[in-house]
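Protein chains in written order, with our numbering: chain A, 1 to 333; chain B, 1 to 329.
Don't take every hint at face value.
[Unchecked claim] Quick look at which bits of chain B chain A covers, simulated, 3 or more residues with Cβ under 8 Å: (1) 132-143; (2) 150-161; (3) 192-206; (4) 214-220.
[Stated by the list, open to error] Pairs of lysine to any residue residues, derived as SDA-like cross-links and limited to a Cα-Cα distance of at most 20 Å, are as follows: (5) B:Lys27 / A:Gln154; (6) A:Lys90 / A:Arg121; (7) B:Lys176 / B:Ala87; (8) B:Lys218 / A:Pro264; (9) B:Lys218 / A:Leu261; (10) B:Lys176 / B:Asp41; (11) B:Lys61 / B:Ser71; (12) B:Lys218 / B:Ser52; (13) B:Lys218 / A:Leu103; (14) B:Lys147 / A:Gly273; (15) B:Lys218 / A:Ala256; (16) B:Lys218 / B:Glu51; (17) B:Lys147 / A:Ser274; (18) B:Lys218 / A:His213; (19) B:Lys218 / A:Glu220; (20) A:Lys90 / A:Gly72; (21) B:Lys147 / B:Arg133; (22) B:Lys218 / A:Arg266; (23) A:Lys145 / B:Ala87; (24) B:Lys61 / B:Leu30; (25) B:Lys176 / B:Leu200.
No lab work stands behind these hints: they were computed from the structure. Think of the CB as a built atom: it goes at the ideal place given N, C-alpha and C, for glycine as much as any other residue.
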Amino acid sequence: MAAPLVSIRGLSVDFDDGRRAARAVDGVDADIAAGEAVGLVGESGSGKSVTWLAALGLLPNRARVSGEVRIGGMNLIGAERRVLEGVRGKRIAMIFQDPSSCLNPVHRIGRQVTEALRLHRGMDGRAAEAEALRLFDQVGIADAKRRLSDYPHQLSGGLNQRVMIAIALAGQPELLIADEPTTALDATIQAQILLLLSRIRRETGMAMVLISHDLGVVAENVDRVCVMYAGRIVEQAPGEALFDTPHHPYTQGLLAALPTLTGPRRRLAAIPGSVPEPWNLPVGCRFAPRCPAAEERCRHEAPPRRVIAPAHQAACHFDVAGQSVWPAQEAAE
Amino acid sequence: MSSPLLEAIDIRRQYNVRTAGGVFGRKAVLQAVAGVSFRIDMGRTLGLVGESGCGKSTTGKLALGLIPPSSGEIRFVGSTLPAIGSAAWRDMRRRMQMVYQDPLGSLDRRLQVGPQIAEPLIIHDIGTPAERRERAYATMASVGLQKHHFERYPHELSGGQRQRVVLARALITEPKLIVCDEPISALDVSIQAQVVNLLLDLQDRLGLTYLFISHDLKVVRQVSHDVAVMYLGRIVETGQAEALFRAPAHPYTRALVSAIPSLGEKRERLILSGDPPNPVDVPAGCAFHPRCPFAIARCRSEAPALRRQPDGRAVACHRADDDAIALAA
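Next comes chain A alone, as it looks inside the complex:
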């Protein structure tokens, strides 16, 4: 395999507000190859967004970040502002859940796109406007010319997310971090935006990290999936392998907890308990208190990363060989 586009090693993030210390991300290793689509799933507080905010130096000062995030030989952690600015928005762009809070409400959207073009590609005047029109076209905004002079509040949530994607594309990034890009949108609009993202990736060869809590969204849109729990990656695998033969009890539990739209209705297998608070993490395996297969060792010793197949790893003491550790649920009704 060629050298990865972005390589993360031992990334940890601590928040300390003086009263209590919380470890939000704990020793994350991950590689993103050029042109690859990787899904990052986990529940709220699992550290999936913080991982990438830390990588791009977007966290407030009270966050202590350690480890390495390399792109093209440069380490972004602790890098100077000048270095970071050459990467942020240019080589790695990021879009967020709520587009309307990311756009400036008092500037016309055209100006916000041309601003990104000036910043990242040094374009001005006519050239910038022409390029903005092309970007609007690329992200499927109809009647682009007139839309350039609209304000964010005049657009729907779906259109605003298209504007955000246009701004992200302005720097011609090699990697797009899409942090819950469709969570705030309605189902039919979500389908439009996901289709748009996959079309853009086909056209530009851009890599993407899709951060989502929705396993369905991830399953349909990425090649490889990383599952995070309480600040650690507990399993990573190619999409199909992960959904067909999940090896980590947490992944198995998440899949069993999902209702489906087809097939017989079963009682859902709920994972007992709740996600631990980041200032009160269990020692050993962090999933042990909720895991039906946990033994004494799990409560003391952090599990090693077990290689199951090439590109498939799970952090569990036991090799469950794809057998679910959760009790089988009989069909309801």
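Given the coordinates of chain A, work out where chain B should sit on it, guided by the hints.
This is chain B only, laid out in the frame that chain A set:
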């Protein structure tokens, strides 16, 4: 056929608004709910689905008599809902309760959860303080909370536990009907399953009737016997949950179902263009026609009525029994 617990007969609710432009905007009428009828039998669940702004939450509030309908009628156990604020209305409200999406937002942060669970008993003047406390303990146990949770504050509980508190508070007056408005949307996946299972167990045990409002089709299928799909204030399709999701008949339902990302097989997608129209400015004819890939001239001029199909389903579409459409599925 059993008698309906709750029945809505052609209910409408409109709001007078101004179009964009602040005080310069012109006056307009927003039809949040534009003629909705449904019935829910005792012990059953009706799922109400649709995208934001389709009027599903307003329908829920109308069903509980929290807001009066502009026209139409809500019947609860056979009789019309009494006027809001009257003694009869207060008495009836004891038997119908609401559970909202955001548990933290529906709890008072400065009060321990126990007294909040018992509060409806004080409002309805039921029991002595000691009896109320006993009943709060019993209700907490039935939703899987422990005695020691009584003295906790909302912020000391997890999201799933808070939603259990909200449920306990709704259940303490022993209601017949619970309107759940996106009750699990704010919860994490692993917690959602806990709450869904709890809702089903409670229905089994107490014979509860639910109006379950959600945008999440998978969850709706999991909990509902029947489903009604709303678009711009109207029901466009309604029927038995299993059948409706297996073979949706209305083009909008079909788009909604096909938009759900799935873990399993890749399905053919029906992706709609454009956004839902502004509810102030509903298109003439069928409200869905500008986004409908199957629209014909008739759809632009004539609003389709909700018609009963041979399989018991009701669909509001001029082309519902058109073979060409069925083939395109």
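Hint check results:
1. 132-143: Not satisfied, violated; 0 residues make the cut.
2. 150-161: holds (count 4)
3. 192-206: With 6 residues closer than 8 Å to chain A, the stretch 192-206 of chain B meets the three-residue bar; holds.
4. 214-220: holds (count 4)
5. B:Lys27 / A:Gln154: holds, 18 Å
6. A:Lys90 / A:Arg121: Holds, because 9 Å separates the two Cα atoms, which is no more than 20 Å.
7. B:Lys176 / B:Ala87: Judged against 20 Å, a Cα distance of about 19 Å means the pair holds.
8. B:Lys218 / A:Pro264: Holds, at about 12 Å.
9. B:Lys218 / A:Leu261: holds, 5 Å
10. B:Lys176 / B:Asp41: Given pair Lys176 (chain B), Asp41 (chain B) holds - Cα atoms ~11 Å apart, limit 20 Å.
11. B:Lys61 / B:Ser71: Between Lys61 (chain B) and Ser71 (chain B) the Cα gap is close to 14 Å, so the pair holds against 20 Å.
12. B:Lys218 / B:Ser52: holds, 17 Å
13. B:Lys218 / A:Leu103: violated, 32 Å
14. B:Lys147 / A:Gly273: Given that 20 Å is the threshold and the Cα spacing comes to 17 Å, the pair holds.
15. B:Lys218 / A:Ala256: Holds - the C-alpha atoms of Ala256 (chain A) and Lys218 (chain B) are around 13 Å apart, at most 20 Å.
16. B:Lys218 / B:Glu51: holds, 14 Å
17. B:Lys147 / A:Ser274: holds, 19 Å
18. B:Lys218 / A:His213: holds, 15 Å
19. B:Lys218 / A:Glu220: Measuring from Cα to Cα gives roughly 16 Å; hence the hint holds.
20. A:Lys90 / A:Gly72: holds, 13 Å
21. B:Lys147 / B:Arg133: Distance of about 11 Å is within 20 Å: holds.
22. B:Lys218 / A:Arg266: Within the cut-off at roughly 12 Å; holds.
23. A:Lys145 / B:Ala87: violated, 59 Å
24. B:Lys61 / B:Leu30: The given pair, whose Cα atoms are some 16 Å apart, holds under the 20 Å limit.
25. B:Lys176 / B:Leu200: holds, 14 Å
Violation of the numbered hints given earlier is confined to hints 1, 13, 23; the remaining hints are satisfied by the structure.
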